[in-house]
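**Student:** Top line first, the protein sequences correspond to chains A and B. Going by the working numbering, the first sequence wraps up at 356, each residue one higher than the last. Going by the working numbering, the second sequence wraps up at 356, each residue one higher than the last.
Source of the hints: derived by calculation from the structure; they are not laboratory data. Since the model is a prediction, treat every value here as computed from it, not as a measurement. Quick reminder that beta carbons are idealized off the backbone N, C-alpha and C, glycines included. A portion of the hints provided could be inaccurate.
To be verified - Some, not all, of what chain B presents toward chain A, calculated at C-beta under 7 Å:
1. Gly-238
2. Phe-242
3. Gly-272
4. Val-273
5. Ala-276
6. Phe-277
7. Ser-284
8. Gly-285
9. Ala-301
10. Ala-304
11. Ala-305
12. Met-309
Said to hold, decoys possible - To list a few chain B residues with every Cβ distance to chain A over 12 Å, as calculated:
13. Arg-70
14. Ala-74
15. Arg-87
What the hints assert, rightly or not - Computed Cβ-Cβ distance ranges for the label pairs, DEER-style:
16. A:Gly-320 x B:Asp-167: 46 to 52 Å
17. B:Arg-70 x A:Leu-128: 39 to 45 Å
18. B:Thr-236 x A:Asn-181: 32 to 38 Å
19. B:Gly-193 x A:Asn-314: 25 to 31 Å
20. A:Gly-331 x B:Thr-172: 52 to 58 Å
21. B:Gly-193 x A:Gly-253: 37 to 43 Å
22. A:His-271 x B:Gly-69: 32 to 38 Å
23. A:Thr-49 x B:Leu-132: 57 to 63 Å
24. A:Thr-84 x B:Met-38: 34 to 40 Å
25. A:Thr-84 x B:Asp-134: 54 to 60 Å
Number of protein chains: 2
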Amino acid sequence: MARTVIESASRTVVIGFDQPFCVIGERINPTGRKKLAADLEAGDFATVERDAVEQVACGAMALDVNAGVVYNSNPNPNETEPPLMRTMIELVQSLVDVPLVIDSSVPGALQAGLEVAKGRPLVNSVTGEDERMETVLPLAAKYNVPVVAISNDDTGISEDPDVRFAVAKRIVERAADHGIPAHDIVVDPLVMPVGAMATAGRQVFALVRRLREELGVNTTCGASNVSFGLPNRHGVNAAFLPMAIASGMTSAIMNPTRPVEMEAIRAANLLMNNDANGAAWIGFARVLEAVKAGTPYAEAATAAAAGASRRGGRRRGRA
Amino acid sequence: MARTVIESASRTVVIGFDQPFCVIGERINPTGRKKLAADLEAGDFATVERDAVEQVACGAMALDVNAGVVYNSNPNPNETEPPLMRTMIELVQSLVDVPLVIDSSVPGALQAGLEVAKGRPLVNSVTGEDERMETVLPLAAKYNVPVVAISNDDTGISEDPDVRFAVAKRIVERAADHGIPAHDIVVDPLVMPVGAMATAGRQVFALVRRLREELGVNTTCGASNVSFGLPNRHGVNAAFLPMAIASGMTSAIMNPTRPVEMEAIRAANLLMNNDANGAAWIGFARVLEAVKAGTPYAEAATAAAAGASRRGGRRRGRA
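Hey, can you work out the whole structure from these sequences and the hints?
**Tutor:** Here it is, written out as structure tokens:
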């Protein structure tokens with residue numbers, strides 16, 4: 038049974054079929070966030086700080102860190118992104134103690150992140166493109182870290198799930214050549230918008246099952262893509278995630294500050310028998326009650342998390 | 038591929054793997070509804086009338102009709118239930134044009150319902166108990182109607198899913214002896230409360246998949262049982278239903294007047310590619326907008342259903 042172990046300075050998270058679904062917070066990413074991009078170039082990290090703390094309070098078990106800013110002052114990301122990645126990783130791990138996901142298309146930025154990340158981060162990502170495999174896999178092997186494998190290759194993204202499965206298989210095999218075991222590959226089978234491709238949901242459910250049964254790998258996805266262009270997107274996402282989990286999906290890179298999706302995941306954990314005594318569900322139901330009474334979700338979740346750690350502190354004090 | 042065809046006077050509903058999930062309205066049932074039981078004994082059918090119309094407006098594709106009242110004036114249901122079932126079936130089919138599910142533990146009431154139901158109703162239910170099989174299966178065969186098969190037998194309800202599968206298999210085999218094909222058996226694998234049995238969810242998902250792959254049968258369940266005793270039950274149900282659907286479940290006997298569960302089912306239909314062009318999802322999103330603006334769900338759904346049929350009427354008028 039595939040167990041992908043990721044670590045922060047002092048905390049271990051296991052991605053696996055018998056584990057709570059691993060929610061990877063996606064917010065620390067300047068892509069499509071113009072203000073954040075400008076802030077980062079100006080050396081202002083206030084949003085990164087807030088996103089780190091808030092996502093963990095809301096239930097993120099790991100945080101994706103992407104430093105993909107194209108500076109106005111220097112358009113070469115190979116020069117600008119590595120030092121920014123280093124700064125962001127160091128900042129985030131000074132604030133929260135969860136495993137990090139080093140997310141970049143710039144090899145130097147992956148290298149910089151790996152040099153400073155504590156514990157055992159996850160590298161995001163390798164694809165089936167030859168050049169990318171020969172750059173990223175040696176890096177993952179050198180640092181003995183797991184890697185996200187996205188199932189597209191030099192020919193692009195196939196709409197045929199059999200082709201996407203074959204790409205994933207090829208990456209797993211190439212990783213093995215570099216000494217990386219299958220349980221350190223987390224495959225992203227690529228989720229298409231169901232509004233544009235009606236078979237997108239069924240495809241992913243079948244693909245996740247095959248990846249689990251035939252390759253024995255964990256899986257992840259950019260979950261919200263499935264609902265692109267549709268009304269009431271949270272409702273689509275909140276059904277997609279439990280369906281993917283029932284099919285064997287073990288993590289997602291997503292926004293944990295949305296209560297609808299987080300409720301669906303916590304209910305799915307309970308239904309998959311990955312929530313001992315329903316404790317997480319019962320605690321989350323209290324947060325939702327506060328949300329119904331008007332408290333914003335992030336605030337209610339932060340208060341609950343603080344309460345839990347205060348209670349823990351008192352217990353330790355009495356011991 | 039199993040296709041269970043049920044019919045009202047003029048409408049056909051197919052339960053199947055490539056069909057929208059079949060929502061069977063559970064409300065017309067005096068069990069646990071003291072006031073409704075008293076009303077029925079007194080000959081007052083106002084609640085039945087409202088429940089019939091409201092459930093269909095809310096999206097029920099078939100209606101369960103249960104006449105299980107124990108009269109104060111006559112404690113023998115073998116005498117009282119058959120005429121009451123007949124009256125209720127005739128009333129319901131005079132108001133709404135959806136297939137009916139004749140639900141009784143009294144053989145005479147099943148017979149009475151079958152005599153008056155138009156189209157092709159579903160009989161609810163046979164179990165693996167010998168006496169029950171030898172009573173209900175000949176009746177289903179005589180009227181050429183499908184039947185719900187509950188996977189318990191003379192030894193009770195097993196907590197072991199392999200035993201429940203074996204019971205279902207035995208019912209399917211016995212039905213074949215009576216000339217009833219597997220596609221006319223809709224198996225209820227029995228959903229236990231996950232709060233009492235932590236493996237209940239996983240059990241059902243695995244069992245539904247086996248029933249589909251090995252016996253080729255459609256499945257149904259009393260969905261809300263899974264969340265019994267837990268806080269925020271609707272949240273558990275709303276994850277359970279999409280997970281069951283992704284595993285192959287094709288219908289449920291449930292309360293369609295709850296928007297949270299209905300939203301989950303409609304999203305699951307979309308994600309299973311059983312909602313052509315997303316039309317049902319887009320229509321439902323408008324109903325949810327009205328609900329967010331303060332309109333009760335049943336009222337918003339009724340208005341939307343009336344609007345759709347008025348628009349249909351105008352189109353016919355112009356033709």
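**Student:** Each hint: holds or not?
**Tutor:** Each hint, compared with the structure:
A distance limit of 7 Å between C-beta atoms decides the matter here; for Gly-238 (chain B) the minimum to chain A is near 3 Å, and the interface restraint holds. Evaluation of the Phe-242 (chain B) hint against chain A yields a held restraint, the C-beta minimum of about 5 Å falling below 7 Å. Annotation: interface hint on Gly-272 (chain B) holds; nearest CB of chain A at approximately 5 Å, less than 7 Å. At its closest, the beta carbon of Val-273 (chain B) sits 5 Å from a beta carbon of chain A; the interface hint therefore holds under the 7 Å criterion.
Look at Ala-276 (chain B): its Cβ gets to within about 3 Å of chain A, closer than 7 Å, so that hint holds up. A hinted interface residue such as Phe-277 (chain B) counts as satisfied when its beta carbon comes closer than 7 Å to some beta carbon of chain A; here the least separation is about 6 Å, so the hint holds. Interface restraint check for Ser-284 (chain B): the shortest CB-CB distance to chain A comes to about 6 Å, inside 7 Å, so the restraint holds. With a least beta-carbon distance of about 10 Å to chain A, the hint placing Gly-285 (chain B) at the interface is violated under the 7 Å criterion.
Hint status for Ala-301 (chain B) relative to chain A: holds, with the closest Cβ pair at about 5 Å, below 7 Å. With a cut of 7 Å, the hint placing Ala-304 (chain B) at the interface with chain A holds, because the nearest CB-to-CB distance is about 3 Å. Because the beta carbon of Ala-305 (chain B) sits about 5 Å from the nearest beta carbon in chain A, less than 7 Å, this interface hint is met. The interface hint given for Met-309 (chain B) is met, as the beta carbon of that residue sits about 6 Å from the closest beta carbon of chain A, less than 7 Å.
No Cβ of chain A comes within 12 Å of the Cβ of Arg-70 (chain B); the nearest lies about 27 Å off, and the non-interface call holds. Every Cβ of chain A is farther than 12 Å from the Cβ of Ala-74 (chain B); the closest lies at roughly 32 Å, confirming the non-interface assignment. Distance check for Arg-87 (chain B) against chain A: the nearest CB is about 27 Å away, which clears 12 Å, and the non-interface claim stands. Between Gly-320 (chain A) and Asp-167 (chain B), the C-beta spacing of about 47 Å keeps the proposed range 46 to 52 Å intact.
Separated by about 59 Å at the C-beta atoms, Arg-70 (chain B) and Leu-128 (chain A) break the suggested range of 39 to 45 Å. Distance hint check: the CB atoms of Thr-236 (chain B) and Asn-181 (chain A) are about 35 Å apart, consistent with the given range 32 to 38 Å. At about 26 Å, the CB distance of Gly-193 (chain B) to Asn-314 (chain A) agrees with the hint of 25 to 31 Å. Range check, Gly-331 (chain A) to Thr-172 (chain B): about 56 Å between beta-carbon atoms, so the 52 to 58 Å window is met.
Checked against the given bound of 37 to 43 Å, the beta carbons of Gly-193 (chain B) and Gly-253 (chain A), roughly 38 Å apart, stay inside it. Distance hint check for His-271 (chain A) and Gly-69 (chain B): the Cβ-Cβ separation is about 33 Å, which falls inside the suggested range of 32 to 38 Å. The hinted window of 57 to 63 Å between Thr-49 (chain A) and Leu-132 (chain B) holds, with their beta carbons roughly 60 Å apart. In this structure, Thr-84 (chain A) and Met-38 (chain B) break the distance hint of 34 to 40 Å, their C-beta atoms being roughly 52 Å apart.
The hint said 54 to 60 Å for the Cβ distance between Thr-84 (chain A) and Asp-134 (chain B), and at roughly 56 Å that hint holds.
In summary, the numbered hints that this structure violates are 8, 17 and 24.
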